[in-house]
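So the protein sequences, as listed, match chains A and B.
Its first residue numbered 1, the first sequence is counted upward by one per residue in our numbering.
Its first residue numbered 1, the second sequence is counted upward by one per residue in our numbering.
It is possible that part of the hints are untrue.
[What the hints assert, rightly or not] Here are the simulated SDA-like pairs of lysine to any residue, each with C-alpha atoms no more than 25 angstroms apart in a straight line:
| no. | chain 1 | residue 1 | chain 2 | residue 2 |
| --- | --- | --- | --- | --- |
| 1 | B | Lys32 | A | Asp74 |
| 2 | B | Lys32 | A | Leu61 |
| 3 | A | Lys33 | A | Asp123 |
| 4 | B | Lys32 | A | Tyr37 |
| 5 | B | Lys32 | A | Val79 |
| 6 | B | Lys32 | B | Arg44 |
| 7 | B | Lys32 | A | Gly86 |
| 8 | A | Lys76 | A | Glu50 |
| 9 | B | Lys32 | A | Asp137 |
| 10 | B | Lys32 | A | Gly138 |
| 11 | B | Lys32 | A | Val94 |
Derived by calculation from the structure, the hints in this document are not laboratory data.
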Amino acid sequence: MEDGSIMTQASQDNPLVVAGHTFSSRLIIGTGKYASYEQNARALEASGAEMITVAIRRVNLSNPDEPRLVDFIDPKQYVFLPNTAGCFTGEDAVRTLRLAREAGGWNLVKLEVLSDPKHLYPDMVETVRAAELLIKDGFDVMVYCSDDPVFAKRLEEIGCCAIMPLGAPIGSGLGIQNPVNIRLIIEQSSVPVIVDAGVGTASDATVAMELGCDGVLMNTAIAEAKDPVLMASAMKHAVIAGRQSYLAGRMPKKRYADPSSPLSGLI
Amino acid sequence: MLQLTVNGEARSIAPGSRVADLVRELGLDGRKIAVERNLEIVPRSRYPLDELEQNDRIEIVAFVGGG
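This is chain B alone, in the form it adopts within the complex:
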């Protein structure tokens, strides 16, 4: 299994998984979030293409209320 850090928490995922697989496993709606992988933005169009790698640091964010 690949070891990832997602939003600061350790998580593992099957080798060969892509960003879209992670988003799906987490139960998130890909249209309402943004994903950063090792400090680089992952454009939504690349979710089905980009393969995750060992020790990737992933941030998944969304809009929340703010001033």
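For reference, chain A alone in the conformation it holds in the complex:
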């Protein structure tokens, strides 16, 4: 009976809820770097993700008929999470996201205020300031941040609706380099914690979820795979596997072997 109740508990995992939006998938994917929007749309479908990050950029006036993201991915079917990539100040971020809100009509946004292009590490002082400006302006802010638990706490205190620490530099695919910090952030947070950046392959997503993250956000790991659609499917399963593994509770690690077959009754 006990086994049965544990299984019931795992299968009744609460969905991911961010600022009142409920998601059955814990995978969020980016829409950059794909060969085409058509390929992007197929990868999205294979990933099972319900939320995608998008950027906002000047329309190319010399080619008004250029393909548009929204022609391939329906904003009514997926939650668009406009980002502030390319913004280096709070004012730039607010300006960009106000335009995104007008273009799409949502308040839910991803704030990222970056610093040096070499490592794309977030500028945390400016990130905190930008988050304050955005929250005051009525936005629900999911915030890309460093893996510093002190800054993560600060961002939660000022009202960010999700904390999104990096697992490794953006686009590096190096995997979760900082499990100790990520776990500290998870333990202290009462809003969702989503690892954003660093995942390179399916096992990295599983590692992030096994730490107890509420979700994983990735772009390059899927877009730059040899077969992005197949990798999107792999990521879907990796995130589910990691979540179930976290809920199931892993066995303790031991220093020595422990046979799986009984030692008694040997012939």
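Got chain A; can you put chain B on it based on the hints?
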């Protein structure tokens, strides 16, 4: 003619034109873009109402792929 800057490029348009006229002249679908005029958002409902003025700085943006 009115002189405007649209997405950083010089452009002229007939006096009395409104935001909706500019969007149409540029061949854009107004439902898929957002417009900023002199750093202020122009709500879509105001495209047919707001008259452009000399030296307006216009930004027209859309969603693109991003991470």
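Verification of the hints:
Restraint check for Lys32(B) and Asp74(A): satisfied, since their Cα atoms lie roughly 12 angstroms apart, inside the 25 angstroms limit. Straight-line distance between C-alpha atoms of Lys32(B) and Leu61(A) comes to about 14 angstroms, which keeps the hinted pair within the 25 angstroms bound. At most 25 angstroms may separate the alpha-carbon atoms for a hinted pair to count; Lys33(A) and Asp123(A) meet this at roughly 24 angstroms. Restraint check: the Cα-Cα separation between Lys32(B) and Tyr37(A) comes to about 15 angstroms, which is no more than 25 angstroms; the hinted pair holds.
A distance of roughly 16 angstroms separates the Cα atoms of Lys32(B) and Val79(A); the hinted pair therefore holds under the 25 angstroms criterion. Straight-line distance between C-alpha atoms of Lys32(B) and Arg44(B) comes to about 10 angstroms, which keeps the hinted pair within the 25 angstroms bound. For the hint pairing Lys32(B) with Gly86(A), the CA-to-CA distance comes to about 21 angstroms; that is within 25 angstroms, so the pair holds. This hinted pair checks out: Lys76(A) and Glu50(A) have alpha carbons roughly 11 angstroms apart, not beyond 25 angstroms.
For the given pair, Lys32(B) sits about 23 angstroms from Asp137(A) by alpha-carbon distance, which is consistent with the 25 angstroms threshold. Note on Lys32(B) and Gly138(A): the hinted pairing holds, with a Cα-Cα distance of about 23 angstroms set against a maximum of 25 angstroms. Between Lys32(B) and Val94(A) the alpha-carbon distance is near 20 angstroms, which keeps this suggested pair within the 25 angstroms criterion.
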